[in-house]
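Residue numbers (the numbering used here), protein chains in the order written: chain A, 1 to 422; chain B, 1 to 422.
Worth double-checking, as some hints may not be accurate.
Using 25 Å as the maximum straight-line C-alpha spacing, the simulated DMTMM-like pairs for lysine to aspartate or glutamate come out as follows [what the hints assert, rightly or not]:
hint	chain 1	residue 1	chain 2	residue 2
1	B	410	A	398
2	B	196	A	282
3	A	420	B	213
4	B	420	A	223
5	A	410	B	213
6	A	420	B	398
Treat the hints as calculated values from the structure; they're not laboratory data.
In this text, all values refer to a predicted model and were calculated from it rather than measured experimentally.
There are 2 protein chains.
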Amino acid sequence: MPLMRSWVESANAPDTEFPLNNLPYGSFYDDPEDLPHCGVAIGDMILDLTQMEEDQVLDVPEEMEMVFFSGVWNEFMAMGPAVWDAFRTLLVEMLREGAADAAVYRDYLVPQADVEMALPFVVAEYTDFYAGKHHATNVGTMFRGAENALPPNWLSIPIGYNGRASSVVVSGTDVRRPWGQLKAPDQDLPVFAPCKRFDIELEMGAIVGVPSDGPVTVQEADDMIFGYVLVNDWSARDIQAWEYQPLGPFQAKATATSISPWIVTKAALEPFRCNTPERERELLPYLQEPGPMLYDIPLSVAIQPENGEKTVLSRTNYKEMYYSSAQQLAHHTTAGSPMNVGDLLGSGTISGVTKDERGSLLEISWGGKEPIELPGGQTRNFIEDGDTLTLSGAAAGDGYRIGFGDCVGKVIAALDDPYKRD
Amino acid sequence: MPLMRSWVESANAPDTEFPLNNLPYGSFYDDPEDLPHCGVAIGDMILDLTQMEEDQVLDVPEEMEMVFFSGVWNEFMAMGPAVWDAFRTLLVEMLREGAADAAVYRDYLVPQADVEMALPFVVAEYTDFYAGKHHATNVGTMFRGAENALPPNWLSIPIGYNGRASSVVVSGTDVRRPWGQLKAPDQDLPVFAPCKRFDIELEMGAIVGVPSDGPVTVQEADDMIFGYVLVNDWSARDIQAWEYQPLGPFQAKATATSISPWIVTKAALEPFRCNTPERERELLPYLQEPGPMLYDIPLSVAIQPENGEKTVLSRTNYKEMYYSSAQQLAHHTTAGSPMNVGDLLGSGTISGVTKDERGSLLEISWGGKEPIELPGGQTRNFIEDGDTLTLSGAAAGDGYRIGFGDCVGKVIAALDDPYKRD
């Protein structure tokens, strides 16, 4: 499918992440003192759906009235795939070149540059996976040696653990360096101190839009997914090293998880579906995919020190994952746990084969042994205060791009004393 | 404090779990087709607060109007400790022997025996800890040998992991045996099959009633806790054994977590506060308790096979825990993750020193090596289909008891085929 042209001129530019083919959903502050508004990105503008709803200029069926009032997308998601499709069709009709009422809709365009974004949905629960083979191999090699890099279960299970939904924030939110228990290898006992090895994890996140109440197949799981976001699962490597045995990461992952401002729908990503890599071990039938459920989405990580320039550290692709989000979601339901609208599933860190395709500083600096050189002579093993980390991603179509908006976070200094009260 | 007498006669019986000293909060179905009602247990009755609210016979300040309309306790919890205390005082005034308007309130009493209970609060997020030393030592001995039973971090950190809030159910809900990936030690590859080693974990759960947005002290954490429930964290030991390295339990804990029908408030438990056991390693200052924050609550586990008799398997006490819920909650906030009203923190399995004080079948049957003998010649290593497991707990006051109501779950057979659709 080629570029679909819009009467919003900036949506026809070849480098925009938001052509008419995309139509991603987000939430923004029309008034910083008020609830956010729901909007759809088109070129460098946002169509203000909450305001259109209020003014009754959205031609939607009765059951969709007031669905954007809350300023988040959960209610819309809960209406199900038929409504998702019908609304997308309506948006295309409203925003396509030559649309009849373009003059009416133009009044509801807000420049993206003028507004602050909000979390686009209430995160019901957050699960993080570990489903990138290159990442798991890199980390395993550092921690357990190359011989034992992949745990025995890794080729059979999309390994995952429950995360903390309350820590999910929207792109642009500053991330404060956490305190935690740290124990150096040459020390007997831990200290309580600010994290020294603060890191990112480049991931994609799948958002559940259709609930379930028992085991689902991979096909059913794919059908349940509403859309995808970029995810930066901030990680305190030193906290993790001391705490994670035997029950997994906890406070190491509790500081923040940033997501991109825009949810790209499954419909927009449809042309970019691809197969997961060839299996090295045959999967159990419940995990086998009936069709392509991964996506070809080029991704990148950049770092910008305070007063420094922005440097791309790594370029990789979502298609490097060993397990798709549909497989992860199917596995997530096996033991009977209900899935709900707004559940977020992080893919796990996405790394490619080579050093410049790695999705975490832990891997890029090889645990701090191979410092990263930045322009101006600075080096990095892990993140320093004042650094801004940016994840980007956009699928490349035939003359257009489907992007998520950058997922940005600046790391600010730890509190001097977390227990001092004013 | 001795027994406080009520005009509800059954509340004065020495064996009731619900004297006027208790006043635990729950939710029940007045009409199974409608929203649940909020109620307070008194003797063998429930005072129907939602109906009283609707009929405007509750003498509460204006800001408390409609707080029970939702049928769950989250809104009430969110009003904060001053309201919790004032409402408890009001309830005592209404239900004490000689209360002026007893005749009015009597119309709002519903026999507990006549109603089905509902989940008393919407679980925001669920965290499970591993903070019982006897349990951790038992499990560690089985898995890693007596020399390495306790992980190196255990005496420094209240080890915890995030669980799945959507799997929390109220006592009385049947629990369906899950399917999952199982790999026998003598097999190379896993199979997908119903769990064969299904188990319980006897725990207490603390409910967060005051939110936080950054690290809190142990004292602040204690102040944030609204009350406690009994928790049965159902566990699939064979799923866990294969999946839990390196990121912890996931589907092994996703089937269900049952909680008692009644939330016992911190106020009711005040007389039973006790200190955590003596430290074997000095805690970091942020985890040190400024006062007694554990509770002396005798607990028990019973099993009843289908058509068999009920047998108590184990008796232990909440005071056996090494870390209190306040310490767990303080640790939970160290890395900055916000805590919200309705967060549930499972204490971890509560075992005592001796075999008849163990809080899981895994420990009682020592991994299946020492089968449990039941009356009538049956034996158990783990739970069989049709077995009903009951957790009970009641603090023993001066002539009265403070109980939670039994936490009951019957295990029903796994689905024949989880992916067969009607």
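The hints, checked one at a time:
no. : hint          : in the structure
1   : B:410 - A:398 : violated, 57 Å
2   : B:196 - A:282 : holds, 24 Å
3   : A:420 - B:213 : holds, 14 Å
4   : B:420 - A:223 : holds, 17 Å
5   : A:410 - B:213 : holds, 19 Å
6   : A:420 - B:398 : violated, 40 Å
In summary, the numbered hints that this structure violates are 1, 6.
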